[in-house]
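Trainee: Whenever a hint applies, use it, and build me the whole structure from the sequences.
Number of protein chains: 2
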Amino acid sequence: MLNKPLSRRDVLKMAGVGGLGLLLGGGAAGALFTGTQAVARRKNVLNAGRAHRAAYPFYGEHQSGIITPSQNFLCFASFDLTATKLDEVRALFKKWTTAAASMTQGAMLGNESTNTNPNLPPADTGEAAGLIPSKITITFGVGPSFFDSRFGLAAKRPAAFPDLPKFRGDALQPQWCGGDIGVQVCADDLQVAFHAVRNLARLARGTAVLRWTQEGFQRTTAAEPTAGTPRNLMGFKDGTGNPDVNNAAQMKQVVWVQPEDGASWMANGSYMVVRRIRMRLEVWDRSTLDDQQQTFGRYRDSGAPLGARDEFDPLDLSAKDEAGKPVIPLNAHSRLAHMEGKTKLLRRAYSYSSGLDLKTGQLDAGLMFICYQRNIKQQFIAMQEILAAEDKLNEYITHVGSASFACFPGVAEGGYIGDRLF
Amino acid sequence: MLNKPLSRRDVLKMAGVGGLGLLLGGGAAGALFTGTQAVARRKNVLNAGRAHRAAYPFYGEHQSGIITPSQNFLCFASFDLTATKLDEVRALFKKWTTAAASMTQGAMLGNESTNTNPNLPPADTGEAAGLIPSKITITFGVGPSFFDSRFGLAAKRPAAFPDLPKFRGDALQPQWCGGDIGVQVCADDLQVAFHAVRNLARLARGTAVLRWTQEGFQRTTAAEPTAGTPRNLMGFKDGTGNPDVNNAAQMKQVVWVQPEDGASWMANGSYMVVRRIRMRLEVWDRSTLDDQQQTFGRYRDSGAPLGARDEFDPLDLSAKDEAGKPVIPLNAHSRLAHMEGKTKLLRRAYSYSSGLDLKTGQLDAGLMFICYQRNIKQQFIAMQEILAAEDKLNEYITHVGSASFACFPGVAEGGYIGDRLF
Chain Z
1 MLNKPLSRRD VLKMAGVGGL GLLLGGGAAG ALFTGTQAVA RRKNVLNAGR
51 AHRAAYPFYG EHQSGIITPS QNFLCFASFD LTATKLDEVR ALFKKWTTAA
101 ASMTQGAMLG NESTNTNPNL PPADTGEAAG LIPSKITITF GVGPSFFDSR
151 FGLAAKRPAA FPDLPKFRGD ALQPQWCGGD IGVQVCADDL QVAFHAVRNL
201 ARLARGTAVL RWTQEGFQRT TAAEPTAGTP RNLMGFKDGT GNPDVNNAAQ
251 MKQVVWVQPE DGASWMANGS YMVVRRIRMR LEVWDRSTLD DQQQTFGRYR
301 DSGAPLGARD EFDPLDLSAK DEAGKPVIPL NAHSRLAHME GKTKLLRRAY
351 SYSSGLDLKT GQLDAGLMFI CYQRNIKQQF IAMQEILAAE DKLNEYITHV
401 GSASFACFPG VAEGGYIGDR LF
Chain L
1 MLNKPLSRRD VLKMAGVGGL GLLLGGGAAG ALFTGTQAVA RRKNVLNAGR
51 AHRAAYPFYG EHQSGIITPS QNFLCFASFD LTATKLDEVR ALFKKWTTAA
101 ASMTQGAMLG NESTNTNPNL PPADTGEAAG LIPSKITITF GVGPSFFDSR
151 FGLAAKRPAA FPDLPKFRGD ALQPQWCGGD IGVQVCADDL QVAFHAVRNL
201 ARLARGTAVL RWTQEGFQRT TAAEPTAGTP RNLMGFKDGT GNPDVNNAAQ
251 MKQVVWVQPE DGASWMANGS YMVVRRIRMR LEVWDRSTLD DQQQTFGRYR
301 DSGAPLGARD EFDPLDLSAK DEAGKPVIPL NAHSRLAHME GKTKLLRRAY
351 SYSSGLDLKT GQLDAGLMFI CYQRNIKQQF IAMQEILAAE DKLNEYITHV
401 GSASFACFPG VAEGGYIGDR LF
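Sequence lines, in order, name chains Z and L.
The first sequence: position 216 = 216 (the UniProt record's numbering), numbered continuously.
The second sequence: position 402 = 402 (the UniProt record's numbering), numbered continuously.
Treat each hint with caution, since some may be false.
A short, non-exhaustive set of chain L residues, derived as facing chain Z with CB atoms under 10 angstroms [as the list claims (entries may be wrong)]:
{"id": "1", "residue": "R205"}
{"id": "2", "residue": "T207"}
{"id": "3", "residue": "F217"}
{"id": "4", "residue": "L233"}
Quick partial rundown of chain L residues pointing at chain Z, CB under 10 angstroms, derived from the structure [claimed, not checked]:
{"id": "5", "residue": "G130"}
{"id": "6", "residue": "N242"}
{"id": "7", "residue": "N246"}
{"id": "8", "residue": "R300"}
Because the hints were derived from the structure by calculation, they are not lab data.
These figures come from a predicted structure and were not determined experimentally.
Backbone N, C-alpha and C define an ideal beta-carbon position, used for all residues, glycine too.
Mentor: This is how it looks when you write it as structure tokens:
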């Protein structure tokens, strides 16, 4: 967890009374960067002003950005490799490791000399100069196509990482699908997130190219005591039923690949599914509140399950009304997604808005659904097969994009992203 | 100007010690909503949790969102009228006035009954429920096409509001151009801004349809003492040379239409130009720091003019280096945009990022350039003709979208948007 952010003035004050040690020693483990990084950062000319706050660690047992509480913005980037040799891929991941470790601590890429030499393109593109790290996380994974014949890694593909089937109702468009490598960048500042994707793409030149990117957002006032669970663009709270990221046992059970799962290079990693889900907002906006609430099986205002009072009340799936009809309809989204409590996954969704659909003149807006799990077949695929077949919400949504990525375990300092696979 | 935001806890504390009057009476004029609105808001069921803070007034001499300090996000919406009668347009503007006045104060559209009647579509789409107003401003204008033969208003078109000419290098795409009505929505929360555009579009059903929309962003950590002038996606500070919005005399001279300008319905209004400017970031990122600095005529790190030390140092256009060459090149962007200090306009620009250009695989990202002025011909057109012909920056940018709007004066309470035109 993060501490309450410190302002630059707080930092100076603390340094004044207790020396720098107070700052570096304080706070929950991992929430603040190390002394070495702090010194490196301070030397960076363009970065001199960044306050020492709100940084998640890049190195660790797990990648950040998975059980990390959702930041306000997403920049998702899918890459295709143009390289033909595994060595080139390895070199890219090494470069990306160094870059991601810097950017998550709010540092510029390169150093003073590579950013101020007039005869070179600057090492860092500069648009995040002076900005705080903004809780940025950069999470890397590889797609099914990474395990084709190009790099000799077919035998390493985990059984828990199959291709996604075509689900009923899918209307996938190639420009929002797939990719050899997926990078989920999240931050509380969209400019900071954009900067990371752009600089990773720049470092990949000659080795990989962007296949698709998509920005996403949540409300930016999450710090408000009244903000509560974010609402999606249908006006309903989204994420109420998520497992508890503070429950380590549950995270092991639901999210983190375990040694006994096979594919040992993935232990402590997680499988990600991304779906770009277009919402037919104009149609939704013409349906009655009752229709909307029956669709989700929850009240719009409170987020409580139908028949219950509070957002976090359990779903009573057996409750019947006076006429003997289920209070939560059999095809309600929350009932189906609940999977009788047996199958869970960790959702990490963002809204997106991408202007108008030129063909229809309607809003191209909806949900960048992202989820993490230990086994894609037993979790996402099992759940989505049921939702695709029965969910009343399907009247109002269309899945237009789809990708899945095996997200590596965390990187130890001195290692690089994916080092356990190669 | 806004006060320092109050948290909900602050509000309760103040109410405890001094009663509600303290809150309503305190602060700079216009920064807090009126008592009547506060009561209306508290009655609104979905909105009960919104903290009382960070709201700009909707009613007033001028529209908010013009000389208002830039919020972090933009949702720009251009509409085309499908109505055939002026009465329908007037009715739309009346509906929009009520809606905009509510939304800028953080209230939901409609009332408790229209938002909780199960048999009706809710009056408000709900995704901003519980969120604070986030400094949202909603600024309305009408385009040149509004004055064609449809509504009998051709004679009211101001001379200071001509069609934009085709500038050298323009590569305009119809999907980013024009519109009968332009609405600039800005807020510190993108979800709040999106909510406003969507609900305005919904209220317009049967009268007007969206023609194009575009989101934009700046860094969200503007409150940081180190944030300074925002940087554009080229990594340079953007807006350094802007006139001072706190200088009322200068605003009269540069931004606000004056009674002697003709078109009396526009007095205290302002003319807006919007240009969607694509940046060729991949090319920019390969050019040297020296090239980049010569292009802007400023240092990337400090934002100071070449040859000067501080960001706000004046441009010394006559300075020569030892070889007798101008220190600030003759084709540098800052030199040309400076117009020898004679022509100014008020810039209010946002970065945009809209995924990949499917044809080239490159980032579709750049600048939503928005500016306000008293006379489009003498200000934007005069400046852009020079920039289009000579600016070194043209190697790296392409204007792909363009629109202009006559933004009405402010609305008095009891009036409606555009009432002085009709």
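Trainee: If a hint holds in the structure, say so; if it does not, say that too.
Mentor: Against the structure, the hints come out as follows:
{"no.": "1", "hint": "R205", "in the structure": "holds, 8 angstroms"}
{"no.": "2", "hint": "T207", "in the structure": "violated, 15 angstroms"}
{"no.": "3", "hint": "F217", "in the structure": "holds, 5 angstroms"}
{"no.": "4", "hint": "L233", "in the structure": "holds, 5 angstroms"}
{"no.": "5", "hint": "G130", "in the structure": "holds, 5 angstroms"}
{"no.": "6", "hint": "N242", "in the structure": "violated, 18 angstroms"}
{"no.": "7", "hint": "N246", "in the structure": "violated, 23 angstroms"}
{"no.": "8", "hint": "R300", "in the structure": "holds, 6 angstroms"}
In this structure, the earlier hints numbered 2, 6 and 7 are contradicted, and the remaining ones agree with it.
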